[in-house]
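4 protein chains.
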Amino acid sequence: MTESKRKIINDPVYGFITIDHPLIYDIIQHPYYQRLRRISQMALACLVYPGAMHTRLSHSLGAYHLMGLALRELQNKGAEVTEEENVAARIAILLHDIGHGPYSHTLENTIVEDVIHEDISALIMEKMNEEMDGDLDLAIRIFRGDYPKKFLHQLVSSQLDVDRMDYLNRDSFYTGVHEGVIGYDRIIKMMIVYNDELMVEEKGIHSIEKFIIARRLMYWQVYLHKTVLCAENMLIKIFIRAKELALHGEKLFASPALAFFMQQKTNGIIFAADPEYLAHFCQLDDFDILSAIKVWANHRDSVLSTLCRWLIERRLLKIKLSNNRFETMELEEMREALSKKSGLTGTALDYFIFTGTAVNRTYNVTDDNINILFKNGEIKDIASVDNALINKSVSIPIKKFYFCYPRV
Amino acid sequence: MTESKRKIINDPVYGFITIDHPLIYDIIQHPYYQRLRRISQMALACLVYPGAMHTRLSHSLGAYHLMGLALRELQNKGAEVTEEENVAARIAILLHDIGHGPYSHTLENTIVEDVIHEDISALIMEKMNEEMDGDLDLAIRIFRGDYPKKFLHQLVSSQLDVDRMDYLNRDSFYTGVHEGVIGYDRIIKMMIVYNDELMVEEKGIHSIEKFIIARRLMYWQVYLHKTVLCAENMLIKIFIRAKELALHGEKLFASPALAFFMQQKTNGIIFAADPEYLAHFCQLDDFDILSAIKVWANHRDSVLSTLCRWLIERRLLKIKLSNNRFETMELEEMREALSKKSGLTGTALDYFIFTGTAVNRTYNVTDDNINILFKNGEIKDIASVDNALINKSVSIPIKKFYFCYPRV
Amino acid sequence: MTESKRKIINDPVYGFITIDHPLIYDIIQHPYYQRLRRISQMALACLVYPGAMHTRLSHSLGAYHLMGLALRELQNKGAEVTEEENVAARIAILLHDIGHGPYSHTLENTIVEDVIHEDISALIMEKMNEEMDGDLDLAIRIFRGDYPKKFLHQLVSSQLDVDRMDYLNRDSFYTGVHEGVIGYDRIIKMMIVYNDELMVEEKGIHSIEKFIIARRLMYWQVYLHKTVLCAENMLIKIFIRAKELALHGEKLFASPALAFFMQQKTNGIIFAADPEYLAHFCQLDDFDILSAIKVWANHRDSVLSTLCRWLIERRLLKIKLSNNRFETMELEEMREALSKKSGLTGTALDYFIFTGTAVNRTYNVTDDNINILFKNGEIKDIASVDNALINKSVSIPIKKFYFCYPRV
Amino acid sequence: MTESKRKIINDPVYGFITIDHPLIYDIIQHPYYQRLRRISQMALACLVYPGAMHTRLSHSLGAYHLMGLALRELQNKGAEVTEEENVAARIAILLHDIGHGPYSHTLENTIVEDVIHEDISALIMEKMNEEMDGDLDLAIRIFRGDYPKKFLHQLVSSQLDVDRMDYLNRDSFYTGVHEGVIGYDRIIKMMIVYNDELMVEEKGIHSIEKFIIARRLMYWQVYLHKTVLCAENMLIKIFIRAKELALHGEKLFASPALAFFMQQKTNGIIFAADPEYLAHFCQLDDFDILSAIKVWANHRDSVLSTLCRWLIERRLLKIKLSNNRFETMELEEMREALSKKSGLTGTALDYFIFTGTAVNRTYNVTDDNINILFKNGEIKDIASVDNALINKSVSIPIKKFYFCYPRV
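Residue numbers (our numbering), protein chains in the order written: chain R, 56 to 463; chain A, 56 to 463; chain D, 56 to 463; chain W, 56 to 463.
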């Protein structure tokens, strides 16, 4: 008994997303892909933007949809893209985030030390490729940037990739910060391939500027919102503390997959070498994390239980943001006051009083440039066109310092 | 140190929601209310509509927002609503779903037997009222329909309440089924109070018709979508099996709160009488459930582990829908075939092969009618106006039969 | 020097509309088509819905866009549509309203008596076809329903044509009556061709119901809104009076094209026979009409000038709507009162005091049915499916009586 | 018999706009205000963006709506605004464009020489004020910036006024250039009054940046779109030619109001002194203009008739845009070629071959600054905040040169 492998998925952002190829269908059905349903796209941003509950699965489907639109547009303008390349490019973007662990970027390097999600994505793709008898070969080459038609990789990963286009759009949509909405349809209509590279037509300059500004706004207003920074730091502190306790033999409620990572420090080499690591990793998602934290809120270690309870009940630390580094004096005074009040001393205080930095750059002029193709054949970086809004001064990374401390 | 209790929350559906009263602020900060962040509004509908990840918290905030708009409109039209009543009505709607357990309606009566969420809502409100020295007295009276200004209760609960208005709108928004969108702003503009009852002005008739049709569509296309029905039945079967095993002394991974309910059968009387029940209930949310299911997918009981694995990996049972009851013959044949193939016998087969019914009525003419107030002072039920679209034939409940069975 | 005949047009409803064929490009460039820029889609509805200023040109472009989407979908599902048929069907819909005169339906049969716009459309298409050496042959056959693949004509004209889909959507959009928005994308996804006829898949039933209800709502809330009815009747009365005066030799300010039709009565036979009629007709648009009315507001005939001034200044007659015919008595009393006050007598009173009827039927079961194709191969009219919302009672035309009279 | 002076108007951009004051109701009913229905907001931009048919009336209603929202927000934050001031500020914005003539900015100074629309607005307001026994006194003071509470005038006219907010939003909406959409609701939520001046809270910085960038984009992509520039120049040339002909005694079809201005040159002094000028002006709108042009398309003066026919049929001149002034050589060659081909000589050629400049500045640092009020009490211009995107380099006006010439 066969069943149709053609499918239409409702998506609130784009309307309908079409699955029109059996290989793509099979990938979406795969448990590794289905796991992305249980990993939120925006981690704890929902504590500030309660609508933002969307998942890595819906983001990757969205990016896949945009890839299809972009490829069709480029083909209409004469770029050669074979059917096989078309499918492979769409698979590459579908799987680009497959290696994300629970709470996406926030817990990266905390539960699983020293391995970035891009590397895990690559490992998982390899594993799926084995199962699928090499059907993902081309997708993997495009993902890695190891394929002559460079624009295919640029659509997957560059400063103008469909990944960014989808997440900006989607995150705007779900947070309700409408100002982050970008004219993705217009940007795609302006794309063109030249010398196998992705370019933007001259008349798309203002749309690109707007896209870059929307991204800037989303960073400072949403992704690096001070309350979000604070909550995500609390989550990290919780796992540092919990792992510390676990490594000292303390018993902690945890699912088997989570327990595996709590009981040992990992690194990239072991992770790649021992398949058990990847197998356990692929069992992990946000549900392991939050259900554990809820139980730990009653743990006898007061540092752990306090942080957990506060996070669950949204009683977050206070946070100050500044363009300048905070004075050591101020921290010291806070520590003394907290110590006096709570009885905590030494490193225990570091879980409640700490500083950090948030950095973002509006546009990076030295990497993966967005190139404008003028009618006269000239090519210029978006930061170098006449009357550029996105000029060099905007490409300097902006760094902000933050300082978290308990409500007295 | 005091902090402002005024707050603006971004909401993707309405833009901004304003918290402008200290009592409302305190309720939202309460751990019981914060728990609603971890209870999805649409349970497993996200398996069909991947965008639909929104929570009970965002729904109740939305309904609260609509209540504010509705009260302002009614006041502009001369209805007397004191400041105290205004706050109380908004609190009543904010808390109307506070008693929902994990996966909302799906697991109602499964984890906690024999208690409906409305009763639990009432218990929780009472508990919060105690903590808050009676500040919720009026809100509770309105919630219960025990207050002379009947329209306040009707806004909380009737066929034209702000609860429905928000969930239709919100669920449409997040599923991407735009056809469920209702003209909530126009409906609110058409509301009027007459003899302390909520009515709709004559020129709002078509908007009300549209609202009722939108609801009908959402039921058949979304809430009772056959794949959603199937997934939700699987979830119920999982808990029936798990509880059965637990009551027979089988060890099951579970958070303490979940374990509490797995180890005993409850009923409404015990629940109301013994505060420990409510205390544990208020610890439960979707995370306890799904993290347990993930672990149970490796349980030695093959009925439990199979169902759990299938649900996690979205390998759902097949389902047929029909206007007529299924023949016993067909079921029997299926059972035999499955028995032969799997070795399962007797009641174990009931977990994989079963039937059920889905019922919805477009409009109920006998309860909580939507009344139209004509310019000449006449009052008519929406189903009785001239040329009514929502006529009596539409008010008959539609019943569909479904039949679930494994993919061979 | 050639120029590209590929073009992208921004459309607020659909985003981008693509002109991708030289013949289509040439049609759009034609002065007959460009005239549609100066004919409003909704005539005087803008007096109630000030946002509704869109034109026949934007509507026909929108319908053309939907035709493209529908054809692509049907082709994906296996319907055979040649490239030539595809272009012809899109041209047929592009030109379906080319014969509309000023203020669309309102002045039909008033300025140009006894000729309906469909016939004029046919005449204009023939004329363009001559100019274009027969390139429109196939489009004209499809438009006329004179082509074997019946579904092509059904997409142009039936109860589920892209004409309706666009105007409902577009008129909702521009009036701000969001309740008229239909799920055009979903409806198109549900279309299928069976035996060369257009059908809808089973799972599209609720979307079709919603579409029919949205149309019903738009009729009663917008197109037949009582103030709109009133204004449109005033416009008609103005032209009846003006033509009467002109035929009696009274001098009236008018553009040459308008003057041509003011000085003689037409009929369908002359119109078709004498090319001068069509030539003048193709010069007429809303601008001839309104600029004349503005000047007539100072005409010495007080009936004409009063009606013109009132319309320009939006001092509309009053209007009553009723399900029953108005009593002759009431009219007579009004006439006497007005006569006493204004000195007007006899037929002059008929311009200010008059009755009429507005009729609409939600769905016509006897013509151009919308057929549902069930999975089991069965075909049923949407009004005959189980639990049909659009049942026979809904297919009876609803008739409302109105009565216009001056503000005292 | 009185009638209610409360009214709700559907607006596609904001949903519902409420008229809640008798004076405001009367102003909207006034023929001077109703004239704005017949003046398009975006003049000939509809030749490029066919959806953009909206009128000055809908824009001014929209700005009035935003004024209401802004005043309510400022009052909630403690700014003192009396009921009288509230009404007056809303009237001031309602009437801010009352002096616009046909085709708004395009024909300013062409039909009526040497008078800007702001001055005409002031004259009309004075005239209405007389009729209304001084009820508009306060509104006029606010409009003129002659009232101590400076923020009221700033809301009417400054770089952050509700005029801009509405037109950016509305023009984006109707053109379909979604990238021009601004977060008007968020910007309003961030407004605050300090020392009687309008400021923006610190956390609104990014929204303001986005607003300024959206405006920049709308200028270059829409208002100064090269095809729009071209069409608007053709319209101006038509009127220069027509007036020239009329002043030489040539007979031209025109409505009486238009004829009045065709037969004489005006200036600001006569206009203000002789009430007949204003009276005729208030009769003029887009319909006088376009209906005349249609007739002139057959005028015996070939310069006039050619330009008119081309404009009506959208056969526009070609246009080149450049950052640099065009060479005289290039123009001369064009003139010679056209002269040879058409037989036109001397100044007649200037109607078909001409140059001009388009200028826009993203933000003006020297006038009407947008000030940010920081939490620590500091005030900074948006162009001076840390890491400003809107820095001084962006405030330099950008000038582009264009060159129009006939096809072949």
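Bear in mind the hints are in silico, worked out from the structure with no lab data behind them.
There may be inaccurate statements among the hints.
All copies of an identical chain are treated as equivalent in the list; a pair is satisfied when it fits inside any one copy or across any two copies.
Only pairs whose alpha carbons sit at most 30 Å apart, straight line, appear in this in silico DSSO-like list of lysine-lysine [claimed, not checked]:
#: 1; residue 1: 455; residue 2: 132
#: 2; residue 1: 455; residue 2: 205
#: 3; residue 1: 62; residue 2: 435
#: 4; residue 1: 454; residue 2: 182
#: 5; residue 1: 258; residue 2: 447
#: 6; residue 1: 62; residue 2: 395
#: 7; residue 1: 281; residue 2: 447
If you're wondering where the values come from, they're calculated on a predicted model, not measured in any experiment.
Results of checking the hints against the structure:
When the C-alpha separation of residue 455 and residue 132 is checked against a cutoff of 30 Å, the pair qualifies only between copies, where the shortest distance is 29 Å, while the shortest distance within a copy is 43 Å. In the homo-oligomer, the alpha carbons of residue 455 and residue 205 never lie at most 30 Å apart, since the shortest distance is 35 Å inside one protomer and 35 Å across protomers. For the homomeric pair residue 62 and residue 435, the shortest alpha-carbon distance between copies (25 Å) is at most 30 Å, but the shortest distance inside one copy (41 Å) is not. In this assembly of identical chains, the alpha carbons of residue 454 and residue 182 never lie at most 30 Å apart, being 39 Å within a copy and 47 Å across copies at closest.
Taking CA atoms no more than 30 Å apart as the test, residue 258 paired with residue 447 passes in both settings, with 21 Å inside one copy and 25 Å between copies. When the C-alpha separation of residue 62 and residue 395 is checked against a cutoff of 30 Å, the pair qualifies neither within a copy, at 62 Å, nor between copies, at 32 Å. With identical chains, the CA atoms of residue 281 and residue 447 are at most 30 Å apart both within one copy (27 Å) and between copies (28 Å).
When the structure is compared with the earlier hints, violations turn up for hints 2, 4 and 6 and for no others.
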